[in-house]
Amino acid sequence: MTSPALLAAGNATAAETPSVAVLDWGLAETMVTLGVVPLGVPAPAWYDRYVVDPALPKEVVDVGLLFTPNFEVLQELAPRLIVLTPFLQMAAPMLARIAPLFSVTLFSPAADPLDIAEKATLTLADRVGVRARGDQLITSTRDLLAATRQRLATAKIGPVLVASPLDSRHVSIFGPHSLYGSVLSQVGLQNAAAGIVGEFAIAGIETLGSHGAATVVLVDSPAAPGMAARFASGRLWQTLPFVRQKRIHVVPPVLGSGGLPSAARFCYLLSNAFDENGAKLP
Amino acid sequence: MTIYEGKARIIPAVIALLLSALALASFAIRLAGILPFADWWQAAMDPDLTSYAEILVHDSILPRLAVAVLAGSALGLAGTIFQQVLRTPIADPSTLGVSAGAYLALAIATVVAPGLLVSAREFIAFSGAIGAFAIVFMIAWPHRLSPISLVLAGLVVTMICGSVAAALGLFRDSGLSALFIWGSGSLSQNDWSAVIYLAPRLAICAIIAVLLARPLAILSLPDDSAHSLGLSTYATRGMSILVATILAASTVSAVGIIGFIGLAAPLIARATGARRLPSRMLWSMVFGAGLLLIADEAVQQLTLLAREVPAGAATALLGAPLILLFLRRLPSNELQLQTSATGFNARPSATLLCAMILLLLAIWLSLSLGPTLHGWHLSSPGEAQALLIWRLPRLAGAAAGGILFALSGTIIQRMTGNPMASPEVIGVSSGAALGILLITLFAATVSPTSQLLAAGSGAVFSLLLVLAIARRADFRPDQVLLVGVALNTVFAALITLLLGLGLPRMYGVVQWMAGSTYSITPVQAEIAVAAAVVGLAVTPFFARWLAMLPLGSGSASALGVNLNLSRAALLVLCAIMAAVATLLVGPLSFVGLMAPHMARALGFHRALPQLLAAALIAPLIMTLADFIGRVALFPNQMPVGVIATIIGGPYFLYLMRRRAA
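If you're matching them up, the sequences are chains A and B in order.
Take 1 as the starting number for the first sequence in this note's numbering and just add one per residue.
Take 1 as the starting number for the second sequence in this note's numbering and just add one per residue.
Errors might be hidden in some of the hints.
[Said to hold, decoys possible] Pairs of lysine to any residue, SDA-like flavour, derived with a Cα cap of 20 Å:
| # | chain 1 | residue 1 | chain 2 | residue 2 |
| --- | --- | --- | --- | --- |
| 1 | A | K156 | A | K119 |
| 2 | A | K246 | B | N636 |
| 3 | A | K58 | B | N636 |
| 4 | A | K246 | B | S51 |
| 5 | A | K246 | B | T50 |
| 6 | A | K246 | B | A53 |
| 7 | A | K119 | A | A96 |
None of these hints come from the bench; they were simulated from the model.
Fair warning: this is a prediction, and the values are worked out from it, not measured in the lab.
Go ahead and model the full structure; you've got the sequences and the hints to work with.
So, in structure tokens, the structure goes:
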């Protein structure tokens, strides 16, 4: 079972570069999956670590940091369109002098992040002239989610807690208003941290005992590499019910503020994780 | 004061007892909710390895209690020692750069070697703390480790570390969360490692402190008297601050930055009647432990938006009102912290002309030179025209901000007669920063106008607060500084708290806070320049007051200066200029500290020449900083405030080291 990102990338032809600079990683991954290679993206090296898949082609130019894209570089690149998120609204007056701007909210910790992501994907696809591929991406993502939902339905997994290590004593736990939480609800899994306001909450590891009955999915973080393994050697961690009963899975990094490709990646990683650990899948 | 003695022994004891009792009661209630009372002893001594509840008590709740007591005591003791050595009640364990150094080391590790951070965080933080202290020590050494040189060097090192750390924070997106947790201090434990780390260090340092108590007590006297009593001031100061720094560094590396305990505990100990040094040391340890216990209990009982409030933020919010409450009962001695004047400048006009030429040269260079996707390029005037739109507004904004900070800083330093004063010491910059943070948090969209209003309101609010509180002390400089420091700490804690909530929209603010003129538009730049021009036009009218106030309140009022009016008016002027400058280049206004000092070092001592010289040096520094920030890590851009601190800071430290005390 291949991730939709890989499938879509197969559709991209090298000639399709409508001269766009994309100033956000979530939007960049969406563009690549839609078959449009951006001229420039901020910090592609960091993108590789945080987004991982879909990868950016080598010819994408580094245009600076996420919140301070370099105006002079952008002017040199002379894109015909600049795609950004409302976070860059302070820089918008200056960026507007380089090329027309197209501002899209791809991720927002609201009631249904996936719905927002779908709408954003469509408007983006329309603007860049690849509407058909946009529809295709949405359909394939929905299909993946539905298929995973079916497979997991029989496995009786129970509440799931999605967390990411921050340091040796704290994790972030993600609520329903996060991208991870949204995927959980789409594949029919119950979120153990349903009470969280906003995207995530920071919790000390010792408080995870209150989610003892849950199955834990630990998303690796490039900011704290190898932390998940380090947790495993702690005595307190070992007494946590989900650790003792082996209801914990570690998955590679997924961009929490990403779009449909990240959602699909997370869904795919979830499904693999439950598969490997012997959850009964047909 | 002898009449006090009888009561003096009872009052601190009673208060300490009450605090601890309250904290322990809360602790017991919480514990009962997890494990029945009957099992408490077993959980503590020999926990059942399969019971989550018992392991929770043994490996998390008990260590957390122990860490609170240890860290609180360590900070209280360190604070007392620092306040004694530095002869000022406004010293705090982070005064000598300990927290900032640790924070910087962690920030570097986060970006460069996150794997190392996972395995050796305490070691990295400790090294950073000691490293920063070593620099402070080296700078102050030729000045016989005098208090003023220590404090000044500490302030500078703190700002440099803070700036660089802020800049590093810009390279990361979501990795900031871990650093912020640490920065706001978290007592969360999941094993006994922190206790094992802290306990022996506290024990050894406490023993050494006891041994040092007698010589340290003599340091209250001026250096000459101390020498005549046979004391080696060098050795005593050196040993004491080393011990105190190790205490502070250990605490910081174990639990992160918990401000305020080190400042508040000794003050409370003194204000509740403990007078002699050994007694102050003991009681500040007790109060420190009690304060931190209470704060941590409060943190665990309350949750904000289903998130745990960081302990460091809680202590700041708790400690600040306490300090302001005890403000009045502090001994009132006007701080005599004048640094001696070096020679006057023989050729002031020539020097100023030279500076002006350098400035114009720097401006030309910045506008013409720059890297491109195909290598470096020096533009001809024609080509530079096209690039002006990208380079000039930010340059103008940075220079204008520099001028405003320089004027503001000169005013503050002359007004308080205190060379370590700067606009952010009176809390104005942080107030402005808090205003901007709040509006970013609560408003759906933020326009530059609303930002300006928010910053202005924040600055004015903090200014009014300072004025209101300091008014009761007749605006005496040391009281103003104390209030300012207290406010600053509270705002900084609130800011860290807000940033630590991890809301994505805050990351843009992080960029601004690091001091960035990145997105300034031509219109905003014009307004900034206009503000600077107005500042330059108005400030010279206050030159007379600025000449007389540094002589001390006695001499100044004898010369006919209305102290209240002059101080209030100057504070307002300073605050307005600082607010606008903060909006432009962020709250890390090192320029406001640096420029007046450099003007002095160049021989400009009188009020008006110092103002003008500072107002010429600052834009020079800012222009260079803007240029370097733009080109050094192309295509990444560093904020001008950070770079100004990085280039100016070491040069300033070098100047300090070179000058005789």
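(request) Would you list, in rising numerical order, the hints stated earlier that this structure does not obey? (result) Violated: hints 1, 2 and 7.
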